[in-house]
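Peer 1: Chain by chain, the residues:
There are 2 protein chains.
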Amino acid sequence: MTGAQFDVVAIGNAIVDIIGRCDDGFLERHGASKGIMNLVDTDRVATLYSAMGPGIEISGGSAANTAAGIASLGGRAAFIGKVAEDEFGCIFRHDIRAAGVAFNTPAVAGERATSRSLILVTPDGQRTMNTFLGISTELDQGEVDPAVIQNANIVYLEGYLFDRDEAKAAFRQAVDIANKAGRRVALTLSDAFCVNRHRAEFLQLIRSGIGILFANESEILSLYETENFEEAARRVAQDTPLAVLTRSEKGSLIISNGERVEVAAEPISKVVDTTGAGDLYAAGFLFGLALDYDLAAAGRLGSFAAAEIIGQIGARSEVKLSNLARIRGFIG
Amino acid sequence: MTGAQFDVVAIGNAIVDIIGRCDDGFLERHGASKGIMNLVDTDRVATLYSAMGPGIEISGGSAANTAAGIASLGGRAAFIGKVAEDEFGCIFRHDIRAAGVAFNTPAVAGERATSRSLILVTPDGQRTMNTFLGISTELDQGEVDPAVIQNANIVYLEGYLFDRDEAKAAFRQAVDIANKAGRRVALTLSDAFCVNRHRAEFLQLIRSGIGILFANESEILSLYETENFEEAARRVAQDTPLAVLTRSEKGSLIISNGERVEVAAEPISKVVDTTGAGDLYAAGFLFGLALDYDLAAAGRLGSFAAAEIIGQIGARSEVKLSNLARIRGFIG
Chain A
34 MTGAQFDVVA IGNAIVDIIG RCDDGFLERH GASKGIMNLV DTDRVATLYS AMGPGIEISG
94 GSAANTAAGI ASLGGRAAFI GKVAEDEFGC IFRHDIRAAG VAFNTPAVAG ERATSRSLIL
154 VTPDGQRTMN TFLGISTELD QGEVDPAVIQ NANIVYLEGY LFDRDEAKAA FRQAVDIANK
214 AGRRVALTLS DAFCVNRHRA EFLQLIRSGI GILFANESEI LSLYETENFE EAARRVAQDT
274 PLAVLTRSEK GSLIISNGER VEVAAEPISK VVDTTGAGDL YAAGFLFGLA LDYDLAAAGR
334 LGSFAAAEII GQIGARSEVK LSNLARIRGF IG
Chain B
34 MTGAQFDVVA IGNAIVDIIG RCDDGFLERH GASKGIMNLV DTDRVATLYS AMGPGIEISG
94 GSAANTAAGI ASLGGRAAFI GKVAEDEFGC IFRHDIRAAG VAFNTPAVAG ERATSRSLIL
154 VTPDGQRTMN TFLGISTELD QGEVDPAVIQ NANIVYLEGY LFDRDEAKAA FRQAVDIANK
214 AGRRVALTLS DAFCVNRHRA EFLQLIRSGI GILFANESEI LSLYETENFE EAARRVAQDT
274 PLAVLTRSEK GSLIISNGER VEVAAEPISK VVDTTGAGDL YAAGFLFGLA LDYDLAAAGR
334 LGSFAAAEII GQIGARSEVK LSNLARIRGF IG
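Those sequence lines, one after another, are chains A and B. Heads up, the final residue of the first sequence is numbered 365 in the working numbering, and it's a clean run with no missing numbers. Heads up, the final residue of the second sequence is numbered 365 in the working numbering, and it's a clean run with no missing numbers.
Incorrect hints may appear among the rest.
Same chains, same label: a pair holds when it works inside one copy or across any pair of copies.
[Stated by the list, open to error] Pairs of lysine-lysine residues, derived as DSS-like cross-links and limited to a Cα-Cα distance of at most 25 Å, are as follows: (1) Lys67 / Lys353; (2) Lys303 / Lys201; (3) Lys67 / Lys213; (4) Lys201 / Lys283; (5) Lys303 / Lys283; (6) Lys303 / Lys353; (7) Lys213 / Lys303; (8) Lys213 / Lys353; (9) Lys201 / Lys353; (10) Lys283 / Lys213.
Honestly, the hints are just simulated from the structure, not real lab data. Bear in mind the structure is a predicted one, so any value in this text is a computation, not a measurement.
Make a model of the complete structure from these sequences and hints.
Peer 2: Next comes the structure, spelled out in structure tokens:
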């Protein structure tokens, strides 16, 4: 994997997170399903925001977090995603560039606002997302810069983008460009309910143009409509050359061309906020591939990055992960 | 002090903080004076923002932080300050109300934006503020609600508001209303350079209508144009019935009608970010007065609240201070 300008280009929703703390009773009273991503409309986002406690704003977005994580680890990352010309759009653009990620999708003026997610963190550190998908889902084909795709070793796609047709088309276009340029395409399923909404299309995409699939346990079970993890693992092995299945404290299982590699989870001293754990695992794993690590070493780098972000609020590491990874021996 | 609806009404700049980390070299390269509040214009705020690392957004503003701190300790607080009808204005309004502070100053539509402060935190935990004073300094007399002032035991004023004439007039009006209603008026000098800009007017105000003066060491030295702390302490004792002088790790000195009370600083295990330390000391001290504590006990509550906020990012406590204060025996 040489000659490319970027290790990874990520394509996904450009979102600013508004993170607050609440107890489980708050989630129940407001009908927010715990631990998942709930899509909410403008009225609902207003109701939840006025009911929740004080918040802090931190840039987020699943694939964007992965891009920022790769840059923090010392990799070369780019991001494609859509923001509006508003204050949250400025925050998103500033933060991802300041994190060292190339980002040049133009901001759009008009009625629709930059996407935001109210993230409610319960005392157990679990995060419940309530996402108002503003302009980010309107990413269209004109905004997928072919030059960026062609110049990245891996194109990484966020399943959440499947929630709108315009973005889905942009997504398919990116896969085509990458395949024609001989680049690898990675996909994360994002969320079990997202999988449920788009199962057939995801399966078709995985079987045709995807080289690396990321999924957590509930997502892969949802994809194959089974409650048996081993069955899901067996089936995904037939559908994709490289599947990376994350299982929280049970670690991760990497399956590639008949080889199965189990990676233990990193010990976590204090679960502060699980926001971004999956995104940062993907960052570590993809950067491991960029470093030509074997699957086990790439998985360990993913587990390390996930554990670090679980100890922080938000999904963007406040400290440079490359320094920590070096001290801990995960990178040279 | 009974019969009032609020323990304290605070009047000050309504600001959203954008907090990022940097090293000392960054401050030098950009000519930002370390440890103080630098007033910056729109061009400068844009330059600094694009040069600084990723940020997180948290509501701030000195007097607003004090009001939020009082509410967090279990007190009854109100805030008067001006925001624009923009996204940062929404954030400020949401957060202060969610913190339990009464806030009803109407947001204003138009060209001017809600005030913001780029806060750069160096590895030693010191904070350097670069404040873009948007609409908050345009607070005018119509926005000082006499009913709120009359219904608060103490009116707490932020010296920063002296930087604009409109706000200064609103400030004087609040002092008049409070004095006529027999309420106590407290003032914080805010910043040594702010004192330098308005020394004569501050002295006149302190000698006429202020019952409680808060100042840190550099502010009180600036006020009396001396380098001798004992001389400044002697002089302030002649100018005001109650002076509260904070001295960082040296603790605080409270001087009231000939009585001198020294309070030790609370031990701090890890200096994360000193943003809000003075604001939270004032919150603890003022809430101590509301609880009819003697000066030493009020000072200890102030030191406790300051120490807690130094261990967190930003100036708004993520945890309810009343619980901690109860566990630690500072409140009953």
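Peer 1: Run every hint past the structure and note whether it holds.
Peer 2: Evaluated hints:
1. In this assembly of identical chains, Lys67 and Lys353 lie within 25 Å of each other by CA distance solely across copies; the values are 23 Å between and 30 Å within a copy.
2. In this homomeric assembly, Lys303 and Lys201 never come within 25 Å of each other (Cα to Cα): the closest approach is 38 Å inside a single copy and 47 Å across copies.
3. Proximity of Lys67 to Lys213 under the C-alpha cut-off of 25 Å is found in neither arrangement, the shortest distances being 41 Å within a copy and 53 Å between copies.
4. Proximity of Lys201 to Lys283 under the C-alpha cut-off of 25 Å is found in neither arrangement, the shortest distances being 32 Å within a copy and 61 Å between copies.
5. Taking CA atoms no more than 25 Å apart as the test, Lys303 paired with Lys283 passes inside one copy only; the shortest distance there is 17 Å, against 33 Å between copies.
6. In this homomeric assembly, Lys303 and Lys353 come within 25 Å of each other (Cα to Cα) both inside a single copy, at 19 Å, and across copies, at 19 Å.
7. Proximity of Lys213 and Lys303 under a CA criterion of 25 Å is satisfied in neither setting, with 45 Å inside one chain copy and 53 Å between copies.
8. In this assembly of identical chains, the alpha carbons of Lys213 and Lys353 never lie at most 25 Å apart, being 35 Å within a copy and 56 Å across copies at closest.
9. Taking the closest pair of Cα atoms, Lys201 and Lys353 never come within 25 Å of each other, the shortest separation being 33 Å inside a single copy and 44 Å across copies.
10. Within a single copy, Lys283 and Lys213 get their C-alpha atoms no closer than 37 Å, and across copies no closer than 67 Å, so neither meets the 25 Å cut-off.
In this structure, the hints that do not hold are numbers 2, 3, 4, 7, 8, 9 and 10, in rising order.
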